[in-house]
Amino acid sequence: MSDARPGGDPVDRTDEHDHTGHGGPGYTTPQAAIEQSEPEKVAYVMGLYVGTDVDAPDFMGVVDVDPSSETYSEIVDRVEMPNRGDELHHFGWNACSSSCHMDGLERQHLIVPGQRSSRIHVIDTADRRNPEIENVIEPEEVFEHDLSAPHTVHCIPNGEILISMLGDEDGDLPGGFLALDENFEIDGRWEPPGEIEMNYDFWYQPRHNVMISSEWAAPRTYYPGFDLEDVEADNYGQRLHVWDWEAGTVEQTLDLGEEGLIPLETRFLHSPESTHGYVGAALSSNVFHFYDAGTEYRADPVIDVEAREHDDWDMPVPGLVTDLLVSMDDRYLFFSNWLHGDVRMYDISDPSNPRLADQLWAGGNFGPSHPIEGEREVVGGPQMLQLSLDGERLYWTTSLFSSWDNQFYPDEAEKGSVMLKADVDPRRGTMSLDEDFLVDFGDLPAGPARGHEIRWPDGDCTSDVWQ
Amino acid sequence: MPGDDPESAIESYSVELRFRDGPTERIEAPAGETILDAAEEEGISLPFGCLTGACGTCTARLLEGDLDHKRPPRALKERHREAGYVLPCIALARSPCVLDVGAEVQSDLVSNPWK
Ligand code: FES
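In the order they appear, the protein sequences are chains A and B. Mapping of the first sequence onto numbering that gives the first Met the number 0: position 31 corresponds to residue 30, and the numbering continues sequentially without gaps. Mapping of the second sequence onto numbering that gives the first Met the number 0: position 29 corresponds to residue 28, and the numbering continues sequentially without gaps.
So here's chain B without its partners, still in its complex pose:
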């Protein structure tokens, strides 16, 4: 319920979504709402699949700012997390953020291992 969590009732952060090969959008992300939901509410479609942090379809890269994952980001390996990859379907903004987004970002995670 809104209001149960004082933080989510009060805080919201400006999040810049930089689509690769596309426009840059700015949204307000309430602290208790995932970046994906906040974008969706403002009519901005980000890619997604499982919505549970398992699949990586929503993968984005955090360029600036701070965010938390509300459940373990299982789709990301240590090396991905270290490189700044995040999962907007379970990510909560903790400060103003800038994110590299769009369907292509997911394909950064793995490449053809034999080529």
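Bound conformation, chain A alone:
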């Protein structure tokens, strides 16, 4: 079951990371990923029925993204979970480019947690178009470690897997991190308990021995939906935690203040030399730039999305920056404004002064409800993003979280999500909607589904880390 084959012992790591003898997963450098990767042919996308009257389990959809295929832009396979009620959300690989020194290790297994159920599925993608569930870790095994609500999955360079856990076994605080071993069994809690209260996303930069984690809220707070009362009661997060990656201890906590409410997706640049990164503060609708200022990390707001007046709303509509990613060449930052309905592309060649390069509208409260003429209506806004390794194709889905969708885009439960795509010109810094691509999650045998995170079989801009 382990993807570490005999002979897969890690080579000695030196500060000069040795790329000769690379026999492990991924690519030796981010530039190698751009040069050597083939255009993606299938996408794995989380599909959800939780919290609707459709009596079916959530699934992992296999979407055909090969333009030369007859089933282009169709969901060609659905890997159904064994139980209902999971809320599949984020997921990740057993190995990425950070393990490129691990001869024999392969990027083959997806770790797919249930956000609500706390169940963790392991899917074998040896057959890319027909992946299969290989192993299931039941919620009770997770609760034994006084953790629940699994979120982000990153592999650790030694074959282990780390998962951010947002709550304790009751769905209250504190959260923490759960480590899985190379056989996809629970190894235990990664950090000494008590390092953090709230948790959400994390990213590590091993060359600098640093990890940064962000904060959503206690599961019992965000699970039922977004309640302003909880914002007033300080039940939502506004901090970043800077960790000693090797020791698993928090070295510094950055309070982002009012401008940094609900910091979610956290991305370092891909270059292993870089100590720059970005986090999107969803509720404040700001993007923060974080960086090593010499003796400590700092985080400054660098992009402020203005709330906009809308005739049907009593209050100006916040953008809600729910996802962001950095292109593999570290030249562009993309993010979604889920409530407004746009995707933005910023030039980050000067990381502390992002420059808006392009913006594209599709759905949401201000974009066209039919971004592609003659195609179905889009009822949500751009949400989870994924970019091709070569930076030329940006894809997104429209669902945020079942209960939050119900508040802000109630029609999404009945009509289902869509997956859309823009062609990106990284030379000119432009995006254009691909009018030949729309994946309709509303038209599935069991009923309309929500669509969430997207991944490619050969790694992507939100998984791969370099040593």
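In short, the hints are calculated from the structure, not lab data. Heads up, the beta-carbon is just placed ideally off N, CA and C, and yes, glycines get one too. Please note that the accuracy of each hint is not assured.
Computed Cβ-Cβ distance ranges for the label pairs, DEER-style [stated by the list, open to error]:
(1) D233/A to S94/B: 46 to 54 Å
(2) Y71/A to E39/B: 33 to 41 Å
(3) A82/B to A292/A: 46 to 54 Å
(4) R78/B to E250/A: 34 to 42 Å
(5) R80/B to R354/A: 48 to 56 Å
(6) G446/A to E39/B: 17 to 25 Å
(7) E27/B to E79/A: 24 to 32 Å
(8) D67/B to A292/A: 19 to 27 Å
(9) E137/A to D67/B: 22 to 30 Å
For chain A, the structure is supplied; the task is to place chain B with the ligand on it using the hints.
Showing chain B with the ligand alone in chain A's frame:
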């Protein structure tokens, strides 16, 4: 173990599940079994997520009768509990009950705060 708890061995209550925009079903809920499990056993699917009282996916509204939560219903705020909202995944019937059920009930808990 059944029989350990004399109450659960003896008592069971009739529970009426009124699906919003749907049929009304009637189940027998043993006193020691959650409403969700009892419904599931009779082949009636109610929505659920965490099964621990934290997420509110299973939220229903108690229209008549009496029930207890076997662990704290953390997903519900005071105002929800006062308005009769309950969590079938951890709810035990204490009398015959009538419940407003279905996936839509959850969305009663919070609305769009800016609209
Ligand atoms: S299923 Fe989560 S509260 Fe009942």
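Results of checking the hints against the structure:
{"no.": "1", "hint": "D233/A to S94/B: 46 to 54 Å", "result": "violated (39 Å)"}
{"no.": "2", "hint": "Y71/A to E39/B: 33 to 41 Å", "result": "holds (40 Å)"}
{"no.": "3", "hint": "A82/B to A292/A: 46 to 54 Å", "result": "holds (50 Å)"}
{"no.": "4", "hint": "R78/B to E250/A: 34 to 42 Å", "result": "holds (41 Å)"}
{"no.": "5", "hint": "R80/B to R354/A: 48 to 56 Å", "result": "holds (51 Å)"}
{"no.": "6", "hint": "G446/A to E39/B: 17 to 25 Å", "result": "holds (19 Å)"}
{"no.": "7", "hint": "E27/B to E79/A: 24 to 32 Å", "result": "holds (30 Å)"}
{"no.": "8", "hint": "D67/B to A292/A: 19 to 27 Å", "result": "violated (55 Å)"}
{"no.": "9", "hint": "E137/A to D67/B: 22 to 30 Å", "result": "holds (26 Å)"}
The structure shown violates the earlier hints numbered 1, 8.
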